[in-house]
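First to last, the protein sequences are chains A and B.
Here the numbering used here runs 31 ahead of the position in the first sequence, where the first position is 1.
Here the numbering used here runs 39 ahead of the position in the second sequence, where the first position is 1.
What the hints contain is simulated information worked out from the structure, not anything from laboratory work.
The C-beta atom is built at its ideal place from N, Cα and C for all residues, glycine as well.
Just to be clear, a hint being listed does not mean it is correct.
Ranges between beta-carbon positions, derived for each pair [to be verified]: (1) A:K144 <-> B:G235: 51 to 57 Å; (2) B:L261 <-> A:V486: 57 to 63 Å; (3) B:K333 <-> A:G492: 36 to 42 Å.
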Amino acid sequence: MTNSINEIGDASCVFVIGSSTSSGHPIVALEIKRAVRSGARLIVANPREFDLCDHADVWLRHIPGSDVALLMGMAKVIYDEGLADLAFVSEYCENFDAFKESLKKFELEFVEKVTGVPREAISQAARLYATCKPATIIYAMGITQHTHGTDNVLAVANLAMLTGNIGKPSSGVNPLRGQNNVQGACDMGALPNVYTGYQRVDNPEVRRKFEIAWRCDLSPNPGLTLSEMIDAAYNRRLKAAFVMGENPLLSDPDINHTREAFKRLEFLVVQDMFLTETAQLAHVVLPATSFAEKDGTFTNTERRVQLVRKAVEPIGNSRPDWWIICEIAKRMGAYGFDFSHPSEVMDEIARLTPSYGGINYERLENGGLQWPCPTTDHPGTPILHVGKFVRGLGLFMPLEYKPPAELPDKDYPFILTTGRSLFHYHTGTMTRRVRGLNAIDPEAEVEINPEDAAVLKIVHGEKVKVVSRRGEVVVKAKVTEKVPPRVVFMTFHFAESPVNILTNPAVDPVAKIPELKVSAVRIEKL
Amino acid sequence: MVVDERAKVVTVTIDGRMVKVKDGCTVLEAARQAGIYVPTLCYHPSLSPYGACRLCIVEIENMRGFPTACTTPVTDGMVIRTDSAQLRELRKNIFELILAEHPKQCVTCAKNLRCELQEVASRIGVEEVTLPPIRKDLPVYRDSPFFDRDYNLCVLCGRCVRVCQEVRGVGAIAFVYRGSRALVGTAFDKTLQDSGCQFCGACVDICPTGALLDRESKWSGLPDKSVVTICPYCGVGCQLSLEVKAGRVVRSVPVYDESSVNKGQACVKGRFGIAEFVHHPERLSSPLMRKDGKLVETSWEAALGFVAEVLSRHKGDEFAFIASAKCTNEENYLAQKFTRAVMGTNNVDHCARL
Ligand code: SF4
Ligand code: SF4
Ligand code: FES
């Protein structure tokens, strides 16, 4: 996020796109409701209905995958009606002319056709967003999990720059990250192309710095992304894998392919709290502790580094993940894994990472710190891009509309989109083991509009088969107006009806994020 | 929160002391800022002022009667008295009326010793209620998997109703009327789930009595210790306090802290979804190694040695590490360092994109 969560409540306009905030990030939804109570205007763009739609001034129910058209359409209205902040644009941004040129393709007639949203609603949303300032945009995986996810993100940024809604309190571009420490895992360089703090592995100077610190030679070649790893395992180019606290067998698209890939590995180590679907395929399983049994830090979606504190001793013979990695490394004769406490690891991170340079456990004892925090006397940075973009000038990106990789057709007439339930988390490793949560939300359902259900003669609660080009699952039908006609929705928490058997592994060319939000399926009666 | 540095400051006199406070704040906030205790029941910092219980009455010069501190804004030069014989007497009377409808078997109540009502009683100095007790004989609702609602203990402060409406924006519970009696409940006595409850537990945490209580940890009493940590679900990073009893996490509650992201709120997963998975019987408690196709228990020594030995043979780009958005920063740092420095490849990634 460019801004902080507790600024949202003070915004004059909140634009939520591709986020069912109330279930994915309930506390952010409270802030949004606080803003609305204090008179802010609310725009929600989401194909599926959720409770914020009731509080919204405008609800844009666009067809899944049509976000670029919707956002560029809004940008065009803002520009054409003279609502753009041209002073901000000319002072702080570049490449505006190329962007302006690309707006020409987004005539409202075309946008209406592609998005399925009436043009009046698009204009109304555009006017609200451009005139009620400060305005904040909040988005989540509904924006990123597309083959054109990067374009979606750029379209959001264009809109914020066009209206000068950046670098100011209660404005900005605010992605909500899915899991508790995705932000931190990325910051820490658990990515194939960067070390900590997004320092690139193919930059010789950076590499040299890490080689000296770690006393070793480092590879200059960016590594494989997760989906590429799975393909490489499938093709037997990858022989050994170490999985720490993830369950890709349920979370990744096209499960059948993923399972086969993992089976082909010569050696698989899985480190987890439970015997997950992935752990069941492992050669060695190492029992890890939960967050309640260890010290450490998480970085939340607003870049706030916060202390995780040990409350109880490790259960059984489990051990913290940091300890396990160090023990293996030491047994392999490696240098630099002699840590007696995570705080020492943080000190090393701070030494090697400019944006974490001023962070240490002593400071964190008094509350979280938002990076960039370069020095120990720096208070942290609640708002990014104040007075100047981090890269210098804000870069406008000309965009064009690209349809999703898989569109509905005669054989697979429905768009399947996926998401989260308030009552479960990710692949359910934790929440499915809580009786109360299971009592409230016991099993997977496929949400289908009454109109479609009537045509297919499906009744509420009946088991149906959902079939895609990649596989099929049997699941209970929930007939509801929450989903529009020709769109069906499932969550991905349930191992019994794993939606990712169906989803499309086609990825965004830049971010390599799979298109979990749009796959073509058909629904069959059993 | 955007703090306006130029916010006006006014001076008031409370119990003979001059205090500088923010213009527009309430008499109660001013008193608290000065460290002066004024009893309250329906007031809560997360909620808008309500003025229902009347325990917070004070005397203000040039104002008639006994205004409630929680609803009266300060003005410059205001002279306030929070304590006098008359105020004490009035508060006692008000409190006795409240207690008349509240059962007095504190020792058998699950909220005993962590009850706000008890605390207020002792500060006001009410030990015994002279009025005849009124029995409500209401059923205990057990329609949530996480908490029970026993409105026999309710004092109608409305905090639960207001937090659900004002802070959570849900409105699952409200004041309802059974005959002449006001009660808290769901519309038409529907189940909580049918009335739109999200099971966030905000009502439970804000209730000053034992009317709303976690079922699981109801009888676990005071915790041995509470450890403030960060919720492991979702990227918001709510601050939670884990209550520990006999080496086990018994409850996770958001603590009210103005500087935290969640300011005393959480969702159902953080509030009710932690203790049970942490202590779940299916937690792996020993390393496992595959022998003849089956995973069998082994020692750490054997498992670590074996992993180190096999991985030594797979260095380079034929190895990959899948790190985790659920693990800590330090663990992810070590995972990529291990992959790069020890295994000699940049094949490290995690489910960032999901
Ligand atoms: S649990 Fe949350 S949603 Fe349910 S009644 Fe209480 S405050 Fe309202
Ligand atoms: S249930 Fe508790 S919070 Fe709600 S009105 Fe009664 S005493 Fe107050
Ligand atoms: S606290 Fe002021 S009236 Fe209840």
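Comparing the hints with the structure gives:
no. : hint                          : in the structure
1   : A:K144 <-> B:G235: 51 to 57 Å : violated, 36 Å
2   : B:L261 <-> A:V486: 57 to 63 Å : holds, 59 Å
3   : B:K333 <-> A:G492: 36 to 42 Å : holds, 39 Å
Hint 1 from the list above is the single one not met by this structure.
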